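Using the sequences and the hints, build the whole thing.
Protein chains in written order, with numbering that gives the first Met the number 0: chain G, 0 to 71; chain X, 0 to 386.
Quick caveat, the hints were computed from the structure, so don't treat them as lab data. A couple of the hints might just be wrong.
What the hints assert, rightly or not - With a cut-off of at most 25 Å between alpha-carbon atoms, the simulated BS3-like pairs for lysine-lysine come out as follows: (1) G:Lys17 <-> X:Lys226; (2) X:Lys140 <-> G:Lys36; (3) X:Lys50 <-> G:Lys63; (4) X:Lys67 <-> X:Lys50.
Said to hold, decoys possible - What follows is a list of derived Cβ distance ranges for each label pair: (5) G:Ser51 <-> X:Thr114: 39 to 45 Å; (6) G:Leu70 <-> X:Ser69: 52 to 58 Å; (7) X:Lys326 <-> G:Ser51: 31 to 37 Å; (8) X:Asn355 <-> G:Asn65: 33 to 39 Å; (9) X:Glu80 <-> G:Lys8: 49 to 55 Å; (10) G:Tyr1 <-> X:Ser354: 57 to 63 Å; (11) G:Pro15 <-> X:Asn235: 28 to 34 Å; (12) X:Lys326 <-> G:Gly7: 52 to 58 Å; (13) G:Thr48 <-> X:Ser354: 47 to 53 Å; (14) X:Ser181 <-> G:Thr48: 41 to 47 Å; (15) G:Lys8 <-> X:Arg333: 39 to 45 Å; (16) G:Leu14 <-> X:Cys212: 31 to 37 Å.
Quick caveat, the model's predicted, so the values are computed rather than measured. We put the beta carbon where it would ideally sit given N, CA and C, even for glycine.
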Amino acid sequence: MYRQAKTGKLLIEILPGKCDFCGCCVGVCPEDAIELKEAEISIIDSLCTNCSKCVWSCPIEVIKFNKEGVLA
Amino acid sequence: MTDIFDIIVVGAGPAGSMAARFAAEQGVSVLMLEKDRDVGYPVRCGEAISKKGVEEFIPLDEKWISSKISKFSLNSPDGTEVVIEFNDSGFILERRIFDYELAKTAANAGALILTRAYVNGLLFDDNRVSGVKYEFRGEQKEARAKIVIGADGVESRIGRWAGIETFTDFRDMECCVQVTASNIKIDPGTLYFYFGKNVAPGGYFWVFPKAGCSANIGLGISGYEGKKKSALSYLNDFMEKNYPEVPVLTSIAGGVPSIPTLKKISAPGILLAGDAGRQVNPLSGGGIASGMIGGSIAGRIAGESIKLNKPDHILTYDNEWYERIGKRHEIYNRLKNGVYNFDDERFNKIAKSFSNVSADKRSLGKLFAIALVNHPLLLIDIMKVFI
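Structural data, given as structure tokens:
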């Protein structure tokens with residue numbers, strides 16, 4: 000089962016255990032589709048449009064574009 | 000503890016603490032919520048600030064001054080170094096202590112502070128923000144207030160929930176990484192900057208001295224450049240070349256929204272301050288001083304609004320901010336767009352011309368003249384605004 004984004008299959012993936020929780024991705028997300036707590040981060044599937052701006056902006060390469068789709 | 004306040008401030012960084020303090024000083028009730036466990040930690044910052052920027056808000060204290068700065072060293076891509084002394088001194092802070100002390104001034108003014116309180120929604124009454132929803136120790140809670148001040152950083156979502164568009168175009172986000180390393184042999188009173196496409200395209204690389212031969216070493220690049228190569232790999236390249244095998248004490252990522260302040264930083268029942276309102280100097284990326292100024296204005300106006308019982312008084316915040324700082328940030332943004340588009344040759348040329356000037360004649364004015372010959376933009380203003 001693939002996770003479902005607003006525009007179909009979710010293709011954006013935050014690599015588990017590697018995030019520094021800096022919030023750069025949240026700041027560039029046009030859809031308000033990233034939730035960041037003290038040390039927890041997640042994509043809000045129903046809002047994400049796979050636009051990839053978070054992927055390009057991540058300073059430490061922990062957000063990836065997965066063209067196969069992200070498994071639930 | 001009551002769950003009704005006059006003002007709720009979200010985020011306990013420099014902007015939030017100043018908002019809470021200046022509001023509480025008006026004699027109104029203030030609650031400040033911080034999502035992290037500790038105020039002041041983790042530090043996502045190069046920690047440079049001018050003396051003037053600090054003094055306005057807190058008496059100087061050695062315990063949060065890591066080093067005192069009196070020189071800039073600007074390094075062009077071919078290695079030409081331009082050193083400029085400046086009269087106003089600056090500091091590299093120890094932010095984890097500094098932020099804590101700022102929060103204490105808010106507490107001393109009467110503000111309540113709650114840490115590990117994660118705000119995940121707003122309350123509304125007739126389209127007017129009237130409080131926050133937050134998670135605290137595993138429980139979902141609500142607190143009501145007449146005014147909410149969002150000082151929740153680059154990752155702010157509060158403004159969006161109130162209908163203010165706050166997201167930053169990825170090309171304008173400076174994506175940063177920094178290490179604090181020890182055994183760094185540099186002049187303890189100099190801020191070092193490196194420019195060029197190989198070190199930090201669309202941004203700059205910094206080495207800022209801290210106490211005990213340590214330094215903040217990092218860079219910011221535009222998200223557009225990050226698409227091709229990440230900030231982290233630029234940092235790794237630089238460290239390998241210049242400081243291989245130095246002990247690294249901390250390593251951190253961060254985002255700096257390098258744009259002029261948002262067109263709108265207030266709406267009914269809500270104000271935004273600091274990085275949340277994009278009150279960052281877009282050229283230097285410095286946001287401590289401007290965040291404190293933004294927070295102080297927001298806090299004072301919010302407090303006045305409660306005292307006068309004039310809810311719409313808070314809408315004067317936009318204009319007051321614009322007149323004090325916002326206007327200037329628009330100019331810095333134009334400079335940024337010029338300077339960060341310089342190619343390596345232009346950086347080299349300006350640095351070379353300047354290094355031919357004898358040391359006793361080196362001044363900001365002279366560099367200005369040379370930059371002017373090379374480019375119609377006022378390059379020298381970079382220096383004035385870097386801290």
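Broken hints, by number: 3, 5, 8, 11 and 12
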